[in-house]
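Student: Sequence:
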Amino acid sequence: MAYGPLAQCAFMSGPSPFKKKAPPGEEKKQFKDLLPPWKPPDRCEAPPPGSFMLYCFDMEEAKDPNATSRSLPLDEMSHVTFGSSQEVDGMVYDGNKGVRPEHAAIYYMKSRWFLKAVNGPVTIESMTLHQLKDSDGKPPKRYTSASTKKMETIEPMDAKKKLTREFCVFRLGDSDRRFWIGGPLPLGDGETEEAGGTEGRKKERKERGDRAERDKDHKDHKEHRDHKDHKDHKDRDRKEDRDHRSRTRSRSRKRRR
Numbered sequence: 001m002a003y004g005p006l007a008q009c010a011f012m013s014g015p016s017p018f019k020k021k022a023p024p025g026e027e028k029k030q031f032k033d034l035l036p037p038w039k040p041p042d043r044c045e046a047p048p049p050g051s052f053m054l055y056c057f058d059m060e061e062a063k064d065p066n067a068t069s070r071s072l073p074l075d076e077m078s079h080v081t082f083g084s085s086q087e088v089d090g091m092v093y094d095g096n097k098g099v100r101p102e103h104a105a106i107y108y109m110k111s112r113w114f115l116k117a118v119n120g121p122v123t124i125e126s127m128t129l130h131q132l133k134d135s136d137g138k139p140p141k142r143y144t145s146a147s148t149k150k151m152e153t154i155e156p157m158d159a160k161k162k163l164t165r166e167f168c169v170f171r172l173g174d175s176d177r178r179f180w181i182g183g184p185l186p187l188g189d190g191e192t193e194e195a196g197g198t199e200g201r202k203k204e205r206k207e208r209g210d211r212a213e214r215d216k217d218h219k220d221h222k223e224h225r226d227h228k229d230h231k232d233h234k235d236r237d238r239k240e241d242r243d244h245r246s247r248t249r250s251r252s253r254k255r256r257r
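Numbering (the UniProt record's numbering), first residue to last: 1 to 257.
Honestly, I wouldn't trust all of these hints.
[As the list claims (entries may be wrong)] The calculated DSSO-like cross-link candidates involving lysine-lysine, where the alpha carbons are at most 30 Å apart (straight line), are:
hint, residue 1, residue 2
1, K39, K97
2, K160, K149
3, K162, K63
4, K150, K133
The set of hints was computed from the structure by calculation and includes no laboratory data. Predicted model only: the values in this text are computed from it and were never measured.
Can you build the whole structure from these sequences, using the hints too?
Tutor: As structure tokens, this is what we get:
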């Protein structure tokens with residue numbers, strides 16, 4: 001047993017501080033380098049007001065015949081980013097597990113919309129694979145081509161892809177959510193409007209014309225009837241006025257006699 005001032009000091013102050021462990025601390029490990037935020041090209045510009053609309057629908061909603069697409073006007077928007085992050089202002093959200101925080105982007109340049117895969121794969125699909133409907137429940141004009149390839153997947157290392165009248169639908173990763181752009185997109189190689197859609201629109205225009213003609217005939221008939229009733233009413237008033245004046249004259253003559 002040890003004696004002396006050192007032993008007494010050690011005994012009174014508790015165990016030796018040598019090799020004493022510090023409290024555990026939190027250490028964030030980063031296995032991959034974070035990519036900088038995506039920036040659009042300098043030549044991007046806002047599209048003409050009222051020209052384009054961004055629509056969105058889920059595949060489960062597409063099975064409902066009464067379902068409509070959610071819409072976002074693209075006025076004064078030179079670019080739009082898509083991803084699963086809820087911290088970036090203005091980002092279009094898709095919460096699927098395979099969607100990256102900043103997954104893809106579209107931007108308007110030289111009167112065209114381009115799609116760029118930023119941090120994940122993006123699949124571009126033909127509009128003929130879906131029964132598209134706008135926010136009012138009306139189907140857009142359908143365009144098709146002779147090509148048998150109706151889907152194309154692009155990766156972040158691939159170049160931008162131009163959106164056309166037929167290939168205007170895209171999805172992020174394996175998500176069931178579809179986005180599509182409605183508006184005057186340019187025609188791709190060999191793309192033409194479907195004949196069925198043209199005939200349907202001609203029939204619809206014919207029905208609208210027939211309806212307008214019936215409404216015009218009904219309005220003319222009503223105006224003619226109102227004019228006739230007004231004329232009959234005036235004739236009746238004139239006759240009553242003449243009868244009243246004739247009765248007044250006959251009474252005055254009798255009084256004179």
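Student: It remains to establish, for every hint, whether it holds in the given structure.
Tutor: Against the structure, the hints come out as follows:
1. For a cut-off of 30 Å, the pair hint linking K39 to K97 stands: about 24 Å separates their Cα positions.
2. Distance hint between K160 and K149 is fulfilled; the C-alpha atoms sit about 18 Å from each other, no more than 30 Å.
3. Among the hinted pairs, K162 with K63 is consistent with the structure: their alpha-carbon atoms are about 29 Å apart, no more than 30 Å.
4. Taking the CA atoms of K150 and K133, the gap is about 19 Å. The hint holds against a cut of 30 Å.
Violated hints for the displayed structure: none, as all numbered hints are satisfied.
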